[in-house]
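**Student:** The chain contents come next:
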Amino acid sequence: MSRSKLKGGLLGRINDTNILLFITVVIFLLMYIGAIVFQGSGFRKPQMFFNILNSNAALIITACGMSIVMITGGIDISVGGVVALVSMCCAVYLDKANGNIFVSILIAIGIGLAFGIVQGLLVAYCDIQPFIVTLAGMFFARGMTTIVNTKPFNVVNEDFVKLKTTRINVPGMGSYNKKGLYIPAYVEIGVIVALIIVVILFVVLRYTKLGRSFYAVGGNRQSALMLGVNVRRTRFLSHVICGLMAGIGGYVYFLHVGSGAASHATGMEMNAIASSIIGGTMLSGGVGNIFGTLIGVLSLSTIQNIVSSAGLDQAWWTGITIAAMLCIFLLIQSIVIRQRKRALKR
Amino acid sequence: MTSNQLFIPLMALILLAVVNLIVDPGFFKVTLGTNNAGNPVLSGYLVTILDYGSELAILALGMTLVTAASGGQDISVGATIAIAGSAMLRVLCGSNSRPEALAAPIIVAFLVACLVGMLCGAFNGALVSIFKIQPMIATLILFTAGRSIAAWINNNELPIVPDPKFGYFGGFIPGIPIPTTVFIVLICIIIMALVLKFTNLGLYTQSVGINEKSSRLNGINPTLIKFLAFVILGLCVAVAALIKVSRISTINYSVIAKDIEMDAILAVALGGNSLSGGKFNIWASVIGAYVIQFLTTTLYKFNVQSDALAAYKAVVVILLVFFSAPKVREYISGSTKKIRGRFSRSRKNLLVKDAGKEESK
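One line per chain: the protein sequences are A and B, in this order.
Residues 1 to 346 in my numbering are what the first sequence lists, from first letter to last.
Residues 1001 to 1361 in my numbering are what the second sequence lists, from first letter to last.
Bound-form chain A, shown alone (with noise of 0.2 Å):
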């Protein structure tokens, strides 16, 4: 990084990391002015913008757990399938059994670090390359999600319902409706325990020991060896430490729709990861940022809001226009570190 530092130029100057997040964040904030400018109505309020925290309060915690393995190096496919099995257990166990709400916290906690150390035994110290082994882990969570229970059901658990339906109101960005009625804009339990998990997350990134290990073993695993750092725990611990944000991100997934059932996250996997790396993280490892995680979600969930109020209704360009951005993302991307590179032989 010193080296980077000496050599001048804008693009020489900023690491991988900051430049990454610094594009992205620039491109939200277009994108969303954008939206504000030509669509007006809907994004003129502030509330669209809280809903679509609200939306994906289960997508950011996820997507954080999935930013802290890519930025080890390795990669988690099974947030997806974890989601959904959390979501089905806490929902059987809410309704069936009348079970309290705090045990329900438990036990999703405890299914996501179950995952993440299992996981992370096999990835860190049995050597297996861990798109395999989170593959078995999402064909796992996914196929015990049907075990448990194959029919969709909504939960009608008093203490859960009560949970569910909690508005946190945000002073002063209510809007008035055609009546001039004042509505508080609001935002549920889940957005503020995403919130948190970010920060806390950035701290430990960044300030920790341990978080700096991290970007060391995605960095190069030879030389953090070399350095002194425990590669084979850090990889074991970024594996846990996503699988207990599944955890966590399934229960707040589970409070958002109130219901168990199979399909539910299905392709959560995919979309993480894709808002982890338009939020600066790359797959090789070492480079990443939290915060770029969470604006990789809002910029995700803003393209669909996007084309869903532009009229586009029809399914198929949602999936079209987010694999575009997706797209010019990824070869921004490819093209500034390339010059970056190039900047830095010179």
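Treat the hints as calculated values from the structure; they're not laboratory data.
Mixed in with the good hints, there may be bad ones.
To be verified - Quick look at which bits of chain B chain A covers, simulated, 3 or more residues with Cβ under 8 Å:
{"id": "1", "region": "1058-1065"}
{"id": "2", "region": "1098-1105"}
{"id": "3", "region": "1151-1163"}
{"id": "4", "region": "1305-1316"}
{"id": "5", "region": "1319-1325"}
Unchecked claim - Simulated pairs of lysine-lysine, DSSO-like, Cα-Cα distance not exceeding 27 Å:
{"id": "6", "chain 1": "A", "residue 1": "341", "chain 2": "B", "residue 2": "1337"}
{"id": "7", "chain 1": "B", "residue 1": "1213", "chain 2": "A", "residue 2": "345"}
{"id": "8", "chain 1": "A", "residue 1": "164", "chain 2": "A", "residue 2": "151"}
We put the CB at the ideal spot given by N, CA and C, even for glycine.
With the hints as your guide, set chain B onto chain A.
**Tutor:** For chain B alone, coordinates are given in the frame of chain A:
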């Protein structure tokens, strides 16, 4: 190395076969019956495995090359099967979704599908080789967009092919009791074998996978090799799409070839190929593909629900991968050596004792 690599999938195959034989001695019985159209057909679990494993086997051919050359996997094959299949139906049926007759000959439709498959492959390949994006991420683009594009090609309608001849590719040709898919797989394997034997593709792919920089210094163009690998996979995808679409004579965009990418990658891994590129054995991958289909068929036989199938599959996969991991194998071979060492020592002692006894006699 090669014989060692074939060991894992073959062992898994034998293990599955033995388990099935013990549970049901009639598992391998193949009977000659007649189907609805009155043609002679072979039926039995073995035929089912050979029949339904064919798409996976064809994909495994291309996926092995991609894995070896680029050190990453293509996760868009399921979505590109949807695209190629959709294009094929569009050509066959024209703009009418319920045509009386075919709008174009089947071979034209197949060639168009091949072109579309190769285009998709070329797109992925360009992103990976020219823009140096990791394969899994580059193919994530088509993975997200593929099924949407497939729906868009046919305007979200589900055309039905009227000609029964189209169904031959995924079923039976009248008069021949063996599934047509078996022949298609054989043709693909023979072509691949010829290509690998008479061109330097295999060698170049390995060298690019092992060390890109040094192979470039040796006059190989890594960009071209990676690109080619993806285009070849695109071709394999088109063939798989032909089989998939032909089986039902129509298409379901969101369900067709769902999760097949995961199975294809698993086939490569089960074949003992390193998922980070380099040395590869394409035949081991093909056997790996049939192992997966064998497992699926076995599970169905035990009345496992199709949704719950994944959980059992995962357990088997983890066990297989766990015991084939170099680290674990080292440990096991170390401990068996210890045991064997002790055993042979005790045997030696026994022999000495025996010899002593005989002498005393």
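**Student:** Checking each numbered hint in turn, tell me which of them this model violates, lowest number first.
**Tutor:** The structure breaks hints 1, 2, 6; every other hint is satisfied.
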